[in-house]
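Given two chains presented individually in distinct reference frames, assemble the corresponding complex, making use of the accompanying hints.
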Amino acid sequence: MQLVLSWPIRLLIVIVLAFSLFVDGAGYVYRIANHYPLTGNVPGLPPNFGGWQLYFHKGLDLAGGTHIDYQLTNFPVGQARADVLQKTITVISKRVNSLGVSEPEIRGAGTNNDRITVDLAGVTADQAQKVIGAVNRLVYTKWVPDAKVTGGPQPGYKPAFTGLTGDDIASASAALDQNAIGWVVNVGFTSRGSDLFGTLTTANVAACPGDPNTSLAANCAGRHLTTWLDITQKDIDNWEDPAYANKVSQNYDTGCLATATPDKICPKLLVDAVTLQAILGGNAVISGGGNGFTQAAANDLATGINAGSLPVDLQVLSVQQVGSTLGAESVKLSIAAGLLGLSIVVLFMIIYYRVPGFLASLALLFYAAAVFATFKLVPVTLTLAGITGFILSVGMAVDANVLIFERFKEEVRAGRTIPAAVDAAVRRAWPAIWNSNVSTIFTCIILGFLGPGPVKGFAVTLGIGVVASLVSSIIVTHNLLAIVMAGSRFRRPGLMGVDRVRSV
Amino acid sequence: MSDPSDDTKAGRLGTEVPESEVPESEEEPEEEEPEEEQPGAAAHEELVAAAKVETPPAPPRVRRIDFVSRRNWYFLFSLLIIIPGIYFMVHSGFALGIDFAGGTEFTVRFTGQPTPSQAQVETAVSALSAGGSVISTGNGGYIIRTPPLSPAKQTAFEDQLRTSLGAYTLDQVLEVGGTIAGETIRSALISVLAAAIVILALLTFWFRNVPGGIRAGFQFGGSALAALLHDVFLLTGVFAILGSGLHLRIGEINSLFVTAVLTVVGFSVHDTIVVFDRIRENLRVSQRLSFDQVVNLSIMQTAVRSIITSFTVVLVLVAILVAGGDTLKGFALALLIGIVSGTYSSIFNAAPLLVVWRKLQPLR
Numbered sequence: 001m002q003l004v005l006s007w008p009i010r011l012l013i014v015i016v017l018a019f020s021l022f023v024d025g026a027g028y029v030y031r032i033a034n035h036y037p038l039t040g041n042v043p044g045l046p047p048n049f050g051g052w053q054l055y056f057h058k059g060l061d062l063a064g065g066t067h068i069d070y071q072l073t074n075f076p077v078g079q080a081r082a083d084v085l086q087k088t089i090t091v092i093s094k095r096v097n098s099l100g101v102s103e104p105e106i107r108g109a110g111t112n113n114d115r116i117t118v119d120l121a122g123v124t125a126d127q128a129q130k131v132i133g134a135v136n137r138l139v140y141t142k143w144v145p146d147a148k149v150t151g152g153p154q155p156g157y158k159p160a161f162t163g164l165t166g167d168d169i170a171s172a173s174a175a176l177d178q179n180a181i182g183w184v185v186n187v188g189f190t191s192r193g194s195d196l197f198g199t200l201t202t203a204n205v206a207a208c209p210g211d212p213n214t215s216l217a218a219n220c221a222g223r224h225l226t227t228w229l230d231i232t233q234k235d236i237d238n239w240e241d242p243a244y245a246n247k248v249s250q251n252y253d254t255g256c257l258a259t260a261t262p263d264k265i266c267p268k269l270l271v272d273a274v275t276l277q278a279i280l281g282g283n284a285v286i287s288g289g290g291n292g293f294t295q296a297a298a299n300d301l302a303t304g305i306n307a308g309s310l311p312v313d314l315q316v317l318s319v320q321q322v323g324s325t326l327g328a329e330s331v332k333l334s335i336a337a338g339l340l341g342l343s344i345v346v347l348f349m350i351i352y353y354r355v356p357g358f359l360a361s362l363a364l365l366f367y368a369a370a371v372f373a374t375f376k377l378v379p380v381t382l383t384l385a386g387i388t389g390f391i392l393s394v395g396m397a398v399d400a401n402v403l404i405f406e407r408f409k410e411e412v413r414a415g416r417t418i419p420a421a422v423d424a425a426v427r428r429a430w431p432a433i434w435n436s437n438v439s440t441i442f443t444c445i446i447l448g449f450l451g452p453g454p455v456k457g458f459a460v461t462l463g464i465g466v467v468a469s470l471v472s473s474i475i476v477t478h479n480l481l482a483i484v485m486a487g488s489r490f491r492r493p494g495l496m497g498v499d500r501v502r503s504v
Numbered sequence: 001m002s003d004p005s006d007d008t009k010a011g012r013l014g015t016e017v018p019e020s021e022v023p024e025s026e027e028e029p030e031e032e033e034p035e036e037e038q039p040g041a042a043a044h045e046e047l048v049a050a051a052k053v054e055t056p057p058a059p060p061r062v063r064r065i066d067f068v069s070r071r072n073w074y075f076l077f078s079l080l081i082i083i084p085g086i087y088f089m090v091h092s093g094f095a096l097g098i099d100f101a102g103g104t105e106f107t108v109r110f111t112g113q114p115t116p117s118q119a120q121v122e123t124a125v126s127a128l129s130a131g132g133s134v135i136s137t138g139n140g141g142y143i144i145r146t147p148p149l150s151p152a153k154q155t156a157f158e159d160q161l162r163t164s165l166g167a168y169t170l171d172q173v174l175e176v177g178g179t180i181a182g183e184t185i186r187s188a189l190i191s192v193l194a195a196a197i198v199i200l201a202l203l204t205f206w207f208r209n210v211p212g213g214i215r216a217g218f219q220f221g222g223s224a225l226a227a228l229l230h231d232v233f234l235l236t237g238v239f240a241i242l243g244s245g246l247h248l249r250i251g252e253i254n255s256l257f258v259t260a261v262l263t264v265v266g267f268s269v270h271d272t273i274v275v276f277d278r279i280r281e282n283l284r285v286s287q288r289l290s291f292d293q294v295v296n297l298s299i300m301q302t303a304v305r306s307i308i309t310s311f312t313v314v315l316v317l318v319a320i321l322v323a324g325g326d327t328l329k330g331f332a333l334a335l336l337i338g339i340v341s342g343t344y345s346s347i348f349n350a351a352p353l354l355v356v357w358r359k360l361q362p363l364r
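Quick note, the sequences are listed as chains G and X, same order.
Last residue of the first sequence: 504 (this note's numbering), numbering continuous.
Last residue of the second sequence: 364 (this note's numbering), numbering continuous.
This is chain X alone, in the form it adopts within the complex (with noise of 0.2 Å):
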């Protein structure tokens, strides 16, 4: 595939073997190559090819996409998403999953016919024990929540459910007492912290070489962890959105989230460490472009291999979302508003912030 950054009208299909141009010019809808040449008109580019085929390979040219002076309605696109997320967060809060917010739940599968409603469950539930919940999964299965239930309350809680609404198989009790919850969500916040300071201090070293040294590297390590932190928030913001805002189920925060918002934060930094290794590259080679130039100029050569990994990635991630078990549908999700998210805040935020940042402080 060709780099949107140069132009390849000129000799492209020179030296090609026609047939094996054809399918590949249909296998990739989803490329941004708006001068894709449309195949069938064989003759013409026979034509075309014999006129143009002595042209040299055209040089690199900067600014065909200019990521970077439009750099303030990427942010502001971010920022549109992002600050609903944080208004919800503080306005309401996420809805919690049990190992967050404590308590008993249990999966069951009502096994007799007709299997019994959810309002006969809630009914049933209720009068076990105060609140409470009961969340339909359907062909039969519930979840039912409660708050925390001695041992010996549990099981007189299955066999009462058992006598009031008939037989049911209980694939899964959760039980997290209060002291567990708040330890997973210390850890949970304490992690994605350490992870970042080490991102951080990371990338300032490996980048301390640039022109401008160690505080260069700084900035680099700086913007970088700003693209995450974009991540961590749209993630979580999104889900507080769907979880308190919109109350669904597949919005709720458990340890698995967790999981998910940390290899976000990986694949993120995937990304912006290849545009700005990149940018680390242009800036020894081509010295004679402006810092803005060489940041536009990387972003254009990496945002091909961006945009093909990410994809690969969702493709997996939506195979997960639509074929996996429940239990992985939230965590599937996740990663998929966040890998698009991290793909997204590598190209269009972290690289032009590099470039604001370095016109805030210059360096030479």
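If we strip away everything but chain G, and leave its shape as in the complex, we get (with noise of 0.2 Å):
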């Protein structure tokens, strides 16, 4: 116990209690730093130290959102599994960027690769599923005489399969055009999907030669090729119905594709470019044509020619959504909780324990704010199941010091002085505090990796508690004592909650 008394450690204590205290309060060093007022909305939060942002990483069931599970079905064959996986993620990714969600969680999941789960804030079960379940299918389609239509970009001309769709591309990106004036969009096309892309454009510039830009002629309909979302061969057999085909034809609307039913007629034009040479390389740039795409309407199209490509099929397993509300409701009282909790502990500690309750009380407040430090800094994120597993391992911080002051007290009546008390009092504790708290660590290991889902955020929150409890309470407790212990006026057996003690 030397060293556990010794004044290295208790710096070490000191330095870790202030930066525990930083990092808890950094909205508020921010603040004052800043000269903000302390409460409101102030720009620049959380503050952002060195590439760490200090703030608490809220779950869905905090911040309100919607959580899906997806099972993936239908790999393609002769592709590594996690591969897959991973362009599925990306491809998930990119369409949720479109709904604008702060922080969304993309994760695999599932022993064999093929699970994803997603984690959206603020958005609808509605929204998420509609933009990521949609499973898009671009098609490429050439345009074929056809002198009985009359609407649609081209009339007098309707679509037709190419052979070429989303599965041939291998990736689509919106970048600045060479002069940096307008957005283009890159798309690269696979092997196969190159020696395809580069059949149909050699045609298309043969259909009528010259410079489409300077020319009328050069522009004609057989030199377009156009991309869609979703088309079908239903699609085309109604193109001569001009009310059909102008409905068509109007950009793609992934929301409506989401719930469409046979009889909905949906948006699904994704572009019409004209053919400016042949392409051969299998890297195709689209370009907006005069000044180009704005940045908006690039990443739109991007999107969307990478929403045709998700490679696997996603049925969905499982869905939460909270209401914002609901959330907000759940931290207020979450934090009543808490808050109601640790004070009956330290109420009762210091009734029962009187000084040493009061010290136990102190390493609490040190435990608490060290355990909160950890959450930011991991950062843990927290859910309701989570904060409940602090709250408890409050009680387990608490369990520590009980065993030792019990311990104390038997001392103390068996005869020992003040101080030997103390020093017995936690060498004699010691094995069972290490073998109890041991044993719940290895439940929490468990748990984490084991439990399902809602358990594991539980357990980790729990696990950390747990640890920096035996911190607390065995250096933090143990070294408050022994300084207190130095002054005679708190060795007064009524100050220390014995019966009664033998002369000094």
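Among the hints, a few may not be true.
From the derived model, a few chain G residues whose C-beta atoms are all more than 10 Å from chain X [claimed, not checked]: (1) Leu12; (2) Lys247; (3) Leu362.
Straight-line alpha carbon distances no greater than 30 Å define the calculated DSSO-like cross-link-like pairs of lysine-lysine that follow [unchecked claim]: (4) Lys329/X / Lys456/G; (5) Lys153/X / Lys234/G; (6) Lys376/G / Lys329/X; (7) Lys148/G / Lys234/G; (8) Lys332/G / Lys376/G; (9) Lys247/G / Lys153/X; (10) Lys376/G / Lys58/G; (11) Lys332/G / Lys153/X; (12) Lys264/G / Lys247/G; (13) Lys58/G / Lys329/X; (14) Lys153/X / Lys264/G; (15) Lys332/G / Lys58/G.
Stretch by stretch, here's where chain G covers chain X in the computed footprint (C-beta under 8 Å, at least three residues) [claimed, not checked]: (16) 128-136; (17) 287-297; (18) 316-322; (19) 345-356.
Note that these hints are calculated values from the structure, not bench results.
Just so it is clear, CB atoms sit at the ideal spot from N, CA and C, and this is done for glycine as well.
Encoded structure:
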């Protein structure tokens, strides 16, 4: 125990406490440093300290939002499942970006690379599933003459499948054009797509040679290659109905497509582009003509193209949507329950154990500060179950102190002096404290790995809490006791909560 | 607080400061201290103190409260709760929450006045979806459960509910497919099992250094495991009675309940380890006592601590139960039952069981 009571350890405790308080109050430190008011919204929060953004990461049940578990089915043959999973996650991330969610979480799960879980704050399940779950199929068409067609972008022509689809696209991304004026979309094809695209664009140019930018004759329908989402043979069959053709030829709407029924006509056009020259290298640039696309339009188009290239089918396993009101209420309730729990424990300890109880309460505050700082630093995503885990760990934190103090009373009764009794109590209570806490840590590890989803958050906070409680009860309380015992004023049995004591 | 084991009448208050003693004796009415002196007769106390001040500290007397020989009563008491619980578990199973049963659950709060009655909501729901059920949470709040709905149907359901019953805020939508529900149950069972095995192994390892070696360690581990299973069965049994026997919503089993069970396992093992650690220490220190006596002494020495620790946790849980949100109430109740059971089982079951085992399989 000499080591525990040494000054370097005490210094370390003070440093840990100061650092924890800084992390806990990072928002206030920032406000004070920048002369902002202490409440209300201010710009620049959460503050960034050299790459550390110190704030509580709230789970969906506290922040409000949607959690979805997907099962991946129909894996493409001949590709590694892990790669397919990664690609799917990338595609979903791109789709989700269009929702403007802060910190979307899209993670692979499952033992066989066949699960994806998505956490989106502030989005309804409906919106989320429309954007993610929509399995849009990207289709390239060329135009073939049909005299009866009067509507659509190319009157006198109807679309025809080319065999080129989203499966043949490796990637699509928005980028600034060469002159850095407008935005374009770069499309990269797979080797099969590259061949097909080469053939199609060569045929395009052959349909009416010339420069389409200067000559109107060179901009004939046969030179257009058009990209759609989910266009079907039925759509093409109905092309002679101008209302139908015009509706389908409007800019695509994934929301409509996601909830489509067989009778509903949805806009499906991605882009109807004229081919400038034959493209053989497998990389195409879709430009907006004139000044090009706006950044938003280019992003939309790239997202749309990627949306078509989801490599697997997604099947919804479970959905949880939490309203933001309920989330805010839960936060309030948890904070209230936490404060209530902490103050009950502090009150009880002080009344029952007097000075040692008061010192243990101080240690408990150190414990709370350190645990909160850990939550921010790791960062731990706090859920309702997680906060409950923390509140419970307060009970466990007290347990070690109760063990020591009860033992202390026994030692005093057995005739030891108070300082000697403190030392003996800590030493003799230690095996029970160590064994019981280690068994809890093991339980937490098991839960963290094997437990069902919501239980994992609980296991993490409880585990952190137990470790911190070991430090606080053994090192902090013991040191505080030793410091206080150094002054004889406090060695009175009444203050120590013991019945009688042999005179020193 | 004095230990029940040592007769503190002798020499108590001899060196006390009276004003600090008075509030203390008032604060803990629930402490088991039959010998607590009543404050107020100060003059009398001083007389007593003067007479007894030189009395040396009494050696710990064994068998003040004989836990060990009354062990069969304690076992019987546990069985009185556990057996009906197991009967309900086998007979009617559990009331499953949405994450175990599968399905779609809407938590809504109607904002229009007057809010629709439960009967109105039930009529509207049964018109929209077969097999739906409605639970009222008060203040126009309802929990509506239906079989799993596809996203499109779910939206349609929400819209039609709004048309037929008026505006509401949608607090929560939970949709759980059968696959996930099955997996949750499986992983819950696996984690309870794994925790039990690890705890048995850890205790056997830690207590291998008591007289009798690794076999004695196994007795300690096995007894702790039995106490742990006692708590698991008691808790799940009580919830089977509450949920499927009495059809109370608070008795529903969900993944939070699993969390509660595992927490209880942790706490129960805490209490058991504290008693066992004391037994180990006393076996070393008091070699002239019989095993029964050592166990009894150890129980008495640690009972106060176990009760105090559980009491603080119980206070916190009652706070959550009273003030906490609706979702946490079942969880808090489960923990409450489990922690009381855990403390009971470590004092009244685990250590006496060790005595029984030692009698059946003597190691010395």
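Structure-based check of each hint:
{"no.": "1", "hint": "Leu12", "verdict": "27 Å, holds"}
{"no.": "2", "hint": "Lys247", "verdict": "20 Å, holds"}
{"no.": "3", "hint": "Leu362", "verdict": "17 Å, holds"}
{"no.": "4", "hint": "Lys329/X / Lys456/G", "verdict": "20 Å, holds"}
{"no.": "5", "hint": "Lys153/X / Lys234/G", "verdict": "25 Å, holds"}
{"no.": "6", "hint": "Lys376/G / Lys329/X", "verdict": "27 Å, holds"}
{"no.": "7", "hint": "Lys148/G / Lys234/G", "verdict": "16 Å, holds"}
{"no.": "8", "hint": "Lys332/G / Lys376/G", "verdict": "19 Å, holds"}
{"no.": "9", "hint": "Lys247/G / Lys153/X", "verdict": "25 Å, holds"}
{"no.": "10", "hint": "Lys376/G / Lys58/G", "verdict": "10 Å, holds"}
{"no.": "11", "hint": "Lys332/G / Lys153/X", "verdict": "33 Å, violated"}
{"no.": "12", "hint": "Lys264/G / Lys247/G", "verdict": "11 Å, holds"}
{"no.": "13", "hint": "Lys58/G / Lys329/X", "verdict": "21 Å, holds"}
{"no.": "14", "hint": "Lys153/X / Lys264/G", "verdict": "16 Å, holds"}
{"no.": "15", "hint": "Lys332/G / Lys58/G", "verdict": "13 Å, holds"}
{"no.": "16", "hint": "128-136", "verdict": "violated (count 0)"}
{"no.": "17", "hint": "287-297", "verdict": "violated (count 0)"}
{"no.": "18", "hint": "316-322", "verdict": "holds (count 3)"}
{"no.": "19", "hint": "345-356", "verdict": "violated (count 0)"}
When the structure is compared with the earlier hints, violations turn up for hints 11, 16, 17 and 19 and for no others.
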